[in-house]
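J.: Sequences listed follow chains W and D, in order.
Mapping the first sequence onto our numbering, position 80 (from 1) lands on 80, and the numbers just tick up by one.
Mapping the second sequence onto our numbering, position 3 (from 1) lands on 3, and the numbers just tick up by one.
To be clear, the hints were calculated from the coordinates, so they are not data collected in a lab.
Don't take each hint at face value.
On the chain D side, residues computed to face chain W include the following (Cβ under 7 angstroms) [as the list claims (entries may be wrong)]: (1) Cys-21; (2) Ile-33; (3) Met-35; (4) Leu-39; (5) Leu-48; (6) Ala-55; (7) Ile-69; (8) Ser-71; (9) Val-77; (10) Ala-78; (11) Gln-86; (12) Ile-87; (13) Gln-88; (14) Asp-97; (15) Gln-98.
These figures come from a predicted structure and were not determined experimentally.
Every residue gets a Cβ at the ideal spot worked out from N, C-alpha and C, and that includes glycine.
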Amino acid sequence: MMESLFYGASAVALLATVAALTRANAAHALIYLIVSLLAVAVLFFLMGAPFAAALEIVVYAGAIMVLFVFVIMMLNLGEAGNSREREWLAPRKWIVPGILAGILLLELVLAVRHAPASTSGIEVPPKMVGLTLFGPYVLAVEIASMLLLAGLVGAYHIGRRFIVRRDFSRPGDNS
Amino acid sequence: MGGLQIPLEHVLLLASCLFSCGLAGLMLRRNLIFMLMSLEVMLNSAALAFVAAGARWGQPDGQIIFLFILSIAAAEVAVGLGLVLQIQRRFKTLDMDQANRLRG
Numbered sequence: 001m002m003e004s005l006f007y008g009a010s011a012v013a014l015l016a017t018v019a020a021l022t023r024a025n026a027a028h029a030l031i032y033l034i035v036s037l038l039a040v041a042v043l044f045f046l047m048g049a050p051f052a053a054a055l056e057i058v059v060y061a062g063a064i065m066v067l068f069v070f071v072i073m074m075l076n077l078g079e080a081g082n083s084r085e086r087e088w089l090a091p092r093k094w095i096v097p098g099i100l101a102g103i104l105l106l107e108l109v110l111a112v113r114h115a116p117a118s119t120s121g122i123e124v125p126p127k128m129v130g131l132t133l134f135g136p137y138v139l140a141v142e143i144a145s146m147l148l149l150a151g152l153v154g155a156y157h158i159g160r161r162f163i164v165r166r167d168f169s170r171p172g173d174n175s
Numbered sequence: 001m002g003g004l005q006i007p008l009e010h011v012l013l014l015a016s017c018l019f020s021c022g023l024a025g026l027m028l029r030r031n032l033i034f035m036l037m038s039l040e041v042m043l044n045s046a047a048l049a050f051v052a053a054g055a056r057w058g059q060p061d062g063q064i065i066f067l068f069i070l071s072i073a074a075a076e077v078a079v080g081l082g083l084v085l086q087i088q089r090r091f092k093t094l095d096m097d098q099a100n101r102l103r104g
C-alpha cells in the first residue's frame with residue numbers, strides 16, 4: 001500500500017516535470033512545476049525525511065515559486081511570447097537535446113541498475129538533523145549564510161535600476 | 001510513522017529521469033524563465049538523490065546537504081530573476097539568442 005503511494009508520487013513528479021518543461025505559457029508551466037515539487041515532498045516524507053519534506057513545501061514550492069510568479073506577473077509576457085515559444089517547441093528542435101539527454105539518462109540507468117540496497121525505513125527526526133547541522137556542519141552553515149548574503153546583495157544590485165524606474169520615474173532619467 | 005523500505009535504485013532512477021528532463025529543457029528552451037525552471041528541476045533531482053542516500057543509511061547528513069542545496073537554489077533564483085528583469089527591460093525580449101552579446 002505505502003509502496004504504491006511512493007510509485008504514484010514518482011509518476012506524478014515525472015509527468016508534471018515533463019509537462020512543465022514543454023508548456024508554451026510560463027504561468028501554466030509554473031503550476032506544473034509546483035505540482036512536481038509537492039510530489040517530491042511526498043517522496044521525502046515516505047522515505048523518512050519529514051523535515052526535508054516540510055522544507056521542500058515551505059521553501060521550494062512556497063518561497064522560490066512565489067518569486068517566479070511575481071516575475072512572470074511583472075513581465076506580462078502575453079500572447080506574442082506564447083506563439084514564439086510554440087515555434088521553438090516544434091519536434092525537430094527537440095531531437096538533438098533529446099538524444100543528448102537520453103544518452104546521459106542511459107548511462108545513469110546503467111550505473112545505478114545493480115545497486116542491491118534499499119532505504120533503511122528509519123525515520124530521521126528533525127531533532128537529529130538540527131543536532132548534526134549545528135554540530136559537525138556548523139562551518140558549512142556559516143558559508144551558506146554568506147552565500148545567501150551575497151545572493152541578496154547581488155539581486156538588489158542587479159534589480160536596482162528596475163526598482164528606481166518603477167518607483168520614481170523622473171522625466172529625462174532614462175539610465 | 002517510519003520510512004518505507006524502497007529499493008534505492010528506483011529512487012536513483014527517478015532522480016536520473018528528473019535530471020535528464022531538466023537538462024533537455026535547459027538545452028532546448030530559449031526563454032530565460034524556462035531555463036531557470038530547468039535549473040530548479042536539476043537541483044531538485046540532485047537533492048532527491050541526497051535525501052535517498054541519507055535514508056539508505058538512516059543518517060541525517062542527506063537532509064543537511066538538502067538544506068544547503070535549498071539555500072543555493074534560493075540565492076541562484078534571486079540573482080537569476082533580477083537578471084531576467086534587467087534583460088526584459090533592456091532587450092524587450094527574454095529570448096537568449098537575442099541577448100547573447102554580454103553588452104548592456
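J.: Each hint: holds or not?
T.: Here is what the structure says about each hint:
no., hint, verdict
1, Cys-21, "holds (5 angstroms)"
2, Ile-33, "holds (5 angstroms)"
3, Met-35, "violated (10 angstroms)"
4, Leu-39, "violated (11 angstroms)"
5, Leu-48, "holds (6 angstroms)"
6, Ala-55, "holds (4 angstroms)"
7, Ile-69, "violated (10 angstroms)"
8, Ser-71, "holds (5 angstroms)"
9, Val-77, "holds (5 angstroms)"
10, Ala-78, "holds (4 angstroms)"
11, Gln-86, "holds (6 angstroms)"
12, Ile-87, "violated (10 angstroms)"
13, Gln-88, "holds (5 angstroms)"
14, Asp-97, "violated (10 angstroms)"
15, Gln-98, "violated (11 angstroms)"
In summary, the structure is inconsistent with hints 3, 4, 7, 12, 14, 15 from the numbered list given earlier, while agreeing with the others.
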